[in-house]
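Novice: Top line first, the protein sequences correspond to chains A and B. Per my numbering, the first sequence starts with residue 1, numbered consecutively. Per my numbering, the second sequence starts with residue 1001, numbered consecutively.
Read the hints as simulated data drawn from the structure, not as lab findings. C-beta: ideal position from N, C-alpha, C; glycine also. The reader is advised that the hints may include incorrect statements.
So, partial list: chain B residues that the calculated Cβ filter (under 8 angstroms) puts toward chain A [as the list claims (entries may be wrong)]:
hint : residue
1    : ALA1070
2    : LEU1071
3    : ILE1075
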Amino acid sequence: MDSDTRSKIESLINSNPIMVFMKGTKLMPQCGFSNNVVQILNALGISFETFDVLSDMDIREGIKEFSNWPTIPQVYLKGEFLGGSDILIEMYNSGELKEKLEIALAS
Amino acid sequence: MLKPAQVVASIKKALPDAEVTVEDLSGGGDHFQVNVISTSFMGLSLIKQHQLVYGALQKELASEAIHALALNTSIPN
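For reference, chain A alone in the conformation it holds in the complex:
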């Protein structure tokens, strides 16, 4: 990953409390896993930003290296990697996600 890509990723996750790297957009997810994440965050009624990795090959590959995580979507909370679709589903079902988001967004 070149330094331009890295600084673009850092800028995205640092300027948005909840940043989702996904395939497609919030309104038109292009993959079932990305759609899961959007549905969960919508269900919790919180606002979040998304970046469509299909629009940018450098970010699409760079984000995997950035987090040492090989798949997309990826969710970042306050600059920290939270997980992908399976982890979000599990955290949502246990109630942990709601709690974690509320605490992070209140501080």
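Please arrange chain B on chain A, whose structure you already have, making use of the hints.
Specialist: For chain B alone, kept in the frame of chain A given last:
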């Protein structure tokens, strides 16, 4: 295209004690549901647990032989 048994073998190579079940979701050999139960996950966060499995499947994921992977990890009772 990968067979579920090949996915199981790759995971077991990295996590020998693991109990692994793999389901081919689309029948096309590239969308899998993977369940892994292993003592290696003890004390690890969910992210770290998933990273262990992803690590075992690095080759398959990087080459996009595996296109999508739904992953469930747990520790034996």
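Novice: So, for every hint listed, does it hold in this structure?
Specialist: Verification of the supplied hints:
{"no.": "1", "hint": "ALA1070", "verdict": "holds (6 angstroms)"}
{"no.": "2", "hint": "LEU1071", "verdict": "holds (5 angstroms)"}
{"no.": "3", "hint": "ILE1075", "verdict": "violated (14 angstroms)"}
Violated hint: 3 only; the structure is consistent with all others.
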